[in-house]
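Colleague: Since the structure of chain Z is provided, determine the placement of chain E on it from the hints.
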Amino acid sequence: MRDVLLIARREYLERVQSRAFLMMTILFPVMIGLLIGGSLFAGKLSSLGKNIAIASNDAVLAHQVAAEMESASTPAKAPEVVAPASDADRRALNRRVEDKTLDGYLWLEKKADSLVPEVNFVSRSAGDLFSARGMQSAVDNAVEREQFIKHGMSGAEIADMPRHVDIQTWQIRQGRLVPSNSLKSFFGAYAMMFLIYFTVVFYGMNVARSVVEEKTSRIFEVLLSTVEPQSLMAGKLLGVGAAGLTQMAIWLMLISAIVGASAGASLRTEGLTAYGIHPQQLFFLITYFLLGFFFYSAIAAAVGASVSSEQEIQQFSMVIVGPLTIGMVLITYIVSNPTALPVVLLSLFPPCAPIVMLLRISSQMPPAWQIALSMILMVLFIWGAVWVASRIYRVGILMYGKRATLPEMLRWMRYS
Amino acid sequence: MPVVDLDRISKSYSNKAAVRELSLQIEPGTMFGLLGPNGAGKTSTIRMMVGMTLPDSGTVRLFDEPFRRDHLRRVGYLPEERGLYKRMKVIDQLVFMGQLHGLNAATARTRALEWCERMEIAESMDKKTQELSKGMQQKIQFIATLLHDPELIIMDEPSSGLDPVNVSLLEQILLELRSKGRTIMFSTHRMDQVEKLCDAICLVDQGRAVLEGTMRAVKSRYARNKVVVEYAGDASFLTDPSITELREFPGRAEFKLRNGADGQALLHAAARHAQIFKFELVEPSLEEIFIRTVGGKTDA
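Just so you know, the sequences run in chain order Z and E. Position in the first sequence (from 1) plus 826 gives the number in our numbering. Position in the second sequence (from 1) plus 990 gives the number in our numbering.
Each hint should be verified, as a subset may be incorrect.
Here chain Z is said to cover these stretches of chain E; the calculated rule only asks that three of the stretch's residues, wherever they fall, bring their Cβ under 8 Å from a Cβ of chain Z [unchecked claim]:
no., stretch
1, 1059-1065
2, 1069-1077
3, 1252-1263
One-sided excerpt, in silico: chain Z residues whose CB lies under 8 Å from chain E [stated by the list, open to error]:
no., residue
4, L832
5, R836
6, E840
7, V842
8, R1044
9, L1050
10, S1051
Since the hints were made in silico from the structure, they are not lab data. These numbers were taken from a predicted model, which means no experiment stands behind them. For each residue, glycine too, the CB sits at the ideal point set by N, CA and C.
Next comes chain Z alone, as it looks inside the complex:
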């Protein structure tokens, strides 16, 4: 055990103290921040200062649409209204759009035989989706409002009218009704899946790389003369894993500090439950994340032990995380049939357990023994993967050069 910790400590420190680690740790959140900030800024920019006119043969409709658009835009900006508009006005508007004194205009044409006006938006740019979306609801609301007024409702009555109804969903848990949100309850599982997927691709592969590095630097033989290969592998897994987790923890802290202002407020009032994560679930999320992370990293270690160069690892990185996608593909089936036999079996099958069991937990709490069994199976699998990796490593390095074939690897298992 002392050896495992010594190896883990060395691996951890070497990574954490490297310049690349420092750069990535700082640059990644900065990049994310710039990305979020940039897209927000761009969004603001595209909705700002648009000079739009509303023209219609129906003046009431035109003013109502204008009012809707004014109330929807931030900061409030009243569009110019041309009503009642003639064909001459339309030609004038076209000219203004062309010589850029106007960004675009909305042409509403009320026909005598139809309740709904014919609506056209004219602008210079082909796909001004941002303004188009805003206009759509403004026109919808105005037409709706006009109809209500026509049927004798007052403006105040319309304003008081309920426009949106939330459906409250409930779950029965241990005989008690517990509020649930079917969408939010996926959130944890989805987040989990991406978290495991990306950490395995990023950090699990680091384990493989570190194994290959040791093979190419030829230091393993010195190490193996004092340390058991299993301890070496376990130490690597822990050390490289801990470095990855440290980086993620720093990122999470930095990102939540950056996003903090908005998200922090809702977190303080509602806690993580706002995101569909209950304290109990948080426990499972962390546990399954760690199990999943170490499971896939152990497999990556075995891959690293069986190849002879870093380039070869790349080919495997996507294949390794393949089983994770099973959970993603079957997500609706799992959530609606959490007790079906295939789902139960999948949730016990270690490569799929972290995702599938978590999905089950978020939709309907499985029996405790199943959760315990899935965890035990995962731990056993991790241990087994480390064992296999260390066997391949120990024998593979003593006859390095070419990549091992499967029969060779099986033979290595038996060698000692």
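Modeller: The following block gives chain E in isolation, referenced to the frame of chain Z:
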């Protein structure tokens, strides 16, 4: 009782026999040389000695006990294929290695500093390994092997890649360690080194021990049949039928005696004709024995 006792060990890789029924013993406090041409099975033998691989058959005993992994705490092993962590500082690297061998960090650091002084690399303690020359890295590996003061030191080709100055430093240290009672085993191609340092040897060829024993015993197995004569006067004694492979120089001759020839009789005959300054039955060098044993075998 021997510190290392290999009893008829064999090892095959993919149907190729690397070591065949090899036996050898290394006595405590001695320096032992493992010799052999390339691919003879030296490294395979050493790897079984330190438990890196297990023999297919036969037994390995260290310190008079069947091999156990915890024996390795008492062993310093310098493999032929050796590396260091490139991005690690020299001192950190040595402390880490010392700790793996059971030392605590403080002891490991103190000893590492002492050794670095001794090996004349103290000024590089805080450098990263990748900044050092290959010879410097060799020295660090050498220190890492000895840091925990092992009773048994096993080195696979320790002097490969070292310049003559450092080779002699290494030899000096090995001799010192032997005088402190440590047992040392190394493999090498360099016969002069073995001849100078070793108390006993084992010559391996095609996986077999073809020659084993103390240096004296090994040499005595080979007859002293080479003669160097320095003389003045009549050289007719050189036509004696017992002489073969004669090479003549002014006042000097080198030749071999045929099997069964009597050197003493020849000396008497020579002394009757010429004035003899020197008549030496030369001991065969290890190199000659090596070539004779391995080369002869290959020819056969």
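Colleague: If a hint holds in the structure, say so; if it does not, say that too.
Modeller: Evaluation of the provided hints:
For a cut-off of 8 Å, the count of residues in the stretch 1059-1065 of chain E with a CB near a CB of chain Z stands at 4, and the three-residue condition holds. Check on the stretch 1069-1077 of chain E: 8 of its residues sit with their Cβ under 8 Å from a Cβ of chain Z, so the three-residue criterion for coverage holds. For the stretch 1252-1263 of chain E, the stated coverage by chain Z is not satisfied: 0 residues place a CB nearer than 8 Å to a CB of that chain, which falls below the threshold of 3. With a least beta-carbon distance of about 5 Å to chain E, the hint placing L832 (chain Z) at the interface is held under the 8 Å criterion.
Interface restraint check for R836 (chain Z): the shortest CB-CB distance to chain E comes to about 6 Å, inside 8 Å, so the restraint holds. Given the 8 Å rule on beta carbons, the hint for E840 (chain Z) holds: about 6 Å separates it from the nearest Cβ of chain E. The beta carbon of V842 (chain Z) is not positioned within 8 Å of any beta carbon in chain E (closest approach about 12 Å), and the interface hint is therefore violated. Interface restraint check for R1044 (chain Z): the shortest CB-CB distance to chain E comes to about 4 Å, inside 8 Å, so the restraint holds.
Proximity of L1050 (chain Z) to chain E holds as hinted, the smallest CB-CB distance being about 6 Å (cut-off 8 Å). Hint on S1051 (chain Z) holds. Least Cβ distance to chain E is approximately 4 Å, under the 8 Å limit.
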